[in-house]
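> Protein chains in written order, with our numbering: chain Y, 901 to 1014; chain X, 653 to 840.
Hints listed in this document are in silico derivations from the structure and should not be mistaken for laboratory results. Be aware that one or more of the hints could be misleading.
With beta-carbon atoms standing in for the labels, derived distance ranges [as the list claims (entries may be wrong)]:
| id | chain 1 | residue 1 | chain 2 | residue 2 | range |
| --- | --- | --- | --- | --- | --- |
| 1 | X | T736 | Y | E921 | 44 to 50 Å |
| 2 | Y | V952 | X | R725 | 15 to 21 Å |
| 3 | Y | D987 | X | A763 | 36 to 42 Å |
| 4 | Y | V952 | X | H721 | 31 to 37 Å |
| 5 | X | T736 | Y | R1003 | 43 to 49 Å |
| 6 | X | D654 | Y | E921 | 40 to 46 Å |
| 7 | X | R719 | Y | S1014 | 19 to 25 Å |
| 8 | X | A764 | Y | D919 | 19 to 25 Å |
These figures come from a predicted structure and were not determined experimentally. Just so it is clear, CB atoms sit at the ideal spot from N, CA and C, and this is done for glycine as well.
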Amino acid sequence: MGDSPPINREYLTTMCGDDSEFEKELLDSYLEASPPVLASLRQGVEAGDAAVVRSAAHTLKGSSRAIGAEPVGAGCETLEEQARAEDLSGAAALLDVIEARYREVDAFIRSHWS
Amino acid sequence: MDILIAEDDRTSATVLSETLRRMGHRVTATPDGLDAWSRFQDIPPDVVITDWIMPGMDGLELCQRIRSHHTQRYPYILILTALTGKERFLEGMDAGADDYLTKPFDPDELAARLRVAERILGLTEEVRRLEGLLPICSYCKRIRDQADRWTTIESYITERCDASFTHSICPSCYQTEVEMKLGEMTGG
């Protein structure tokens, strides 16, 4: 993950202003909505179903970037491109990275906003 | 403005809705193109902000449907998508969008684009209002058409719709015009 934090807080502040209640609500909604998408990604990768992987990666990319979770978003973008090209050869390894990054986002949110 | 959103990702929809509400707009959020299309037909909004890739009906088809559907007022469409590149932009604009923004969006940029939308909607409303005004001569009641010709009400209407005229005299004119002339003839 290098130097980039799990969530770009500056971006999140730009989107939420000084409304900390909304910020919390948004992050909770992200944590609630993402696990089923990650599960769908895992199933798609294991089944070699490029359409499922592409769709789930696209969804998680959008929601992650909406809260400023750029490392997860970037990983999903690469996976989405691979699925669009119907090349899932490196998908399992990439998904491991995405899941690890997601766990960091999850921990980051729980430690900063709970 | 009344803004209709079509966005399948819940987190993105929440961020967008809240941002728009904070800008003072009234927001209706729908989770896909089909739902948005149905809402659009029920209550046409001022602005539609649509994602591109959605299950069921995508944003491109939503744009095309809206443009082929007659509404009294012009609906402004903005595509908000993670899809980038000139080809996608042109495809979206050709489908009928007025503007194209990529995700993740910057709230200041979105606000600026919506100010442009408001300006354009104001102008289209002004044009519609002006087109609805018919200049009529105060004396002879001829109407000036778009080609700047003065024409009678009868020919103006018959040229533009299926109606045709049969000439008759209403009771009030019969009294003031016909009876008066008859009186003059018999009395004079």
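> If a hint holds in the structure, say so; if it does not, say that too.
These are the hints, each one checked on the structure:
| no. | hint | result |
| --- | --- | --- |
| 1 | X:T736 with Y:E921: 44 to 50 Å | violated (33 Å) |
| 2 | Y:V952 with X:R725: 15 to 21 Å | violated (41 Å) |
| 3 | Y:D987 with X:A763: 36 to 42 Å | holds (40 Å) |
| 4 | Y:V952 with X:H721: 31 to 37 Å | holds (33 Å) |
| 5 | X:T736 with Y:R1003: 43 to 49 Å | violated (28 Å) |
| 6 | X:D654 with Y:E921: 40 to 46 Å | violated (26 Å) |
| 7 | X:R719 with Y:S1014: 19 to 25 Å | violated (47 Å) |
| 8 | X:A764 with Y:D919: 19 to 25 Å | holds (21 Å) |
Figure legend: structure checked against the earlier numbered hints; hints not met, in rising order: 1, 2, 5, 6 and 7.
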